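Protein chains: 2
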Amino acid sequence: MSILIKDVLLEGEQTDIYIEENRISEIGARVEADFVIDGTDKVAFPGLINTHTHSAMTLLRSYADDLKLQEWLENKIWPLEAKLTENDVYLGSKLACLEMIKSGTTCFNDMYWFMKGTARAVEEMGLRAVLAEAFIDLFKEDMAEEMKGKTKDFISYVRGMDNERITPALGPHAIYTVSKESLGWIKDFAEKEDLLIHFHLAETEKENTDCKNMHGKRPVPFLDNIGFLSHRLVAAHSIWLTGEEIKILAEKGVKISHNPTSNLKLASGIIPYQKMRDSGSTISLGTDGCASNNNLDMFEEMKIATIAQKGFVKDPTVMPAIEALKIATLGGGKALGLKIGEIRVGNLADIILIDLKRPELTPRHNLISNLVYSANGSCVDTTICNGKILMQNREIADEKIILENAQSVAEDLVSR
Amino acid sequence: MSILIKDVLLEGEQTDIYIEENRISEIGARVEADFVIDGTDKVAFPGLINTHTHSAMTLLRSYADDLKLQEWLENKIWPLEAKLTENDVYLGSKLACLEMIKSGTTCFNDMYWFMKGTARAVEEMGLRAVLAEAFIDLFKEDMAEEMKGKTKDFISYVRGMDNERITPALGPHAIYTVSKESLGWIKDFAEKEDLLIHFHLAETEKENTDCKNMHGKRPVPFLDNIGFLSHRLVAAHSIWLTGEEIKILAEKGVKISHNPTSNLKLASGIIPYQKMRDSGSTISLGTDGCASNNNLDMFEEMKIATIAQKGFVKDPTVMPAIEALKIATLGGGKALGLKIGEIRVGNLADIILIDLKRPELTPRHNLISNLVYSANGSCVDTTICNGKILMQNREIADEKIILENAQSVAEDLVSR
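Residue numbers (numbering that gives the first Met the number 0), protein chains in the order written: chain A, 0 to 415; chain B, 0 to 415.
It does not matter which identical chain is used: a pair holds within one copy or between any two.
Calculated pairs, SDA-like style, for lysine to any residue (alpha carbon to alpha carbon, straight line, at most 25 Å):
| # | residue 1 | residue 2 |
| --- | --- | --- |
| 1 | LYS356 | VAL413 |
| 2 | LYS313 | ALA266 |
| 3 | LYS313 | GLU204 |
| 4 | LYS115 | ASP411 |
| 5 | LYS356 | GLN391 |
| 6 | LYS115 | ASP141 |
| 7 | LYS205 | VAL312 |
| 8 | LYS356 | LEU83 |
| 9 | LYS67 | MET275 |
| 10 | LYS313 | GLY242 |
| 11 | LYS211 | HIS172 |
| 12 | LYS274 | VAL312 |
| 13 | LYS313 | ASN212 |
| 14 | LYS274 | GLU250 |
| 15 | LYS5 | ALA28 |
| 16 | LYS313 | MET275 |
| 17 | LYS205 | THR316 |
| 18 | LYS356 | ILE395 |
Worth flagging that the hints you see were computed from the coordinates, not collected in a lab.
Here the structure is a predicted model, which is why all the values come from computation and not from measurement.
Please build the complete structure, drawing on both the sequences and the hints.
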């Protein structure tokens, strides 16, 4: 199947974008296509890339807010997660995919439980995703063995799906939930199987202190020492880092996922963005799960990223709009090692069309500023992923039933 | 004219809201009405109240971002504002009203230039507003006289309109742009004419230092000394305050307008929210103008208010969702001295209906959390102000022409 997006604004010019199968095959030349989209009054943009989320946590949206981190986790989130089933995860992930499609995200990086459910949801909903079964052993050998089994099983499952949109990955949760031995196993397995590793790093000050107490080193030197730091690693949060640690992460090619809304809402801290950028690190953007955000709107995330950074470092010139946009697109593509995040010939056809005839996008002295500071996900008119149209005129088939199923399974979950 | 909103969710219960003329006249009793709105799958909420904006600055949206405050003002904003005409302000304010109606704001507090233009826009668009002609004398006597004339002229103009939705007010810009003598005149004139005063207070650290250099006192003691602090004063920003100053503001009944997005984006600082709240101050919420936000979405403003506060004071329990909602509704009504901000019998009929069938509002473990942390302005389906329906199904007459006029006048403005 081929698609022609006609007369659309792209990088400041009116042009046409031609999609063949799942790739962008021509820009600027108008050719015959199976399907034509009128791009008038719209701007084409690469689909946004959410490099850290737990999509099924949509089910926990608004279940627990305004609490201290430990209370939130121990009394609210973990007890509920203990009752989760694969079907819950499937229905929660369907809701997440729906929300992402409607807000212009075409690819996401997810680590959670019962991820076969998420894989099925992604397959059905048409998005692109990198999926990892969470790995937590709580420093117990039997639990580690069980997790290794689950991890291998999930990797085989995804490979068996043979879906070019879904990439399996490894999901060691964090330094305070996974043993040194298991982290070593993960690292070796990732190399052997050529997989990305999705990990929470240096989210809180406490994490660093605890790590020092347990391992005699702060997280980054500890992980460096066991060879865990590499280009395979996507490290979420990455807040509490020294200048030296930032340099080590950059040298090892570790990819950062910045999660500003979650970091503010849980009062975790703020990422040392400028130092990271200056170190040459790949920085990408993620919403985190809906229990700590509470939505998956990457437009909102871009705005919060830049204004929070300006506010915290007391400099309004920090992270200008274009940089916020880059971490949500190019940075995401680099972090996940996929040819996405930029509309160029040869790249995967993950494209969104933004409706320019909106009050909040008028006037348009600077389109990039408007997208970062004024837009939200509802400005997206059309979402295309892997050369397939997932939404046009903001309409998605099955929206109603996805909402109903999610609402009822969420109610059931909290009453179990 | 009467309106019945049927089967709508209100404070956790399905009920009916009956509006007669411009008031909420009954809740819970179903009566005959001229017009019936089906409230199924919607929640009724008081229209949001934006207590600090410069609506016509929509025209400057995306014109100047990511700059230092002084450079931003001196090289970008002020030179452009010097070319403004009343017609520009009229068209920019129409755009702002459109954006507010579409994002659920029913009342705003505005201080700017050529405010007759804004008054005309508000009259046509159906919103409620408190409007003040900006007063800046730069410590020059002739300029002060000119401003007094403009101020009086604007007050007479608005009173001549005889529109119950539009309240005139006084707009002394700030301590660094208005002389002590003029502040004294404003205070006396406000008392004589029974008017609110809209003012920028303690937005930056520099403002306080400069004030001390010029007047020998910090802003709050200085203003207190000349009798400027009273229940008539709505003080925007109000960031750089000592504990003692917060107490003085509370004692004098000064109303605070908190503007978190602008404060972060311009790196001005963060409001001492908890101390203010504990002092018993009336705290309300505002977006500031579109040159420093860059939209007028009060849902986004609520979220940014609470997560920024949590992040800055390093405590996720600070400003829970319900408090964010209160400053955007009840706090706004109190700040502006209007019977709005709460859906109760006898109050003015400023009501919004929010569409609950949205992915980001599903599931609904806690409606308030969803509205503050997950929603944005596009969740608003219906906007009613003063008993008139301004938007239903997100449709507004003349939207297209308002956007076109604003785009073309904004282009003209920057090329003058």
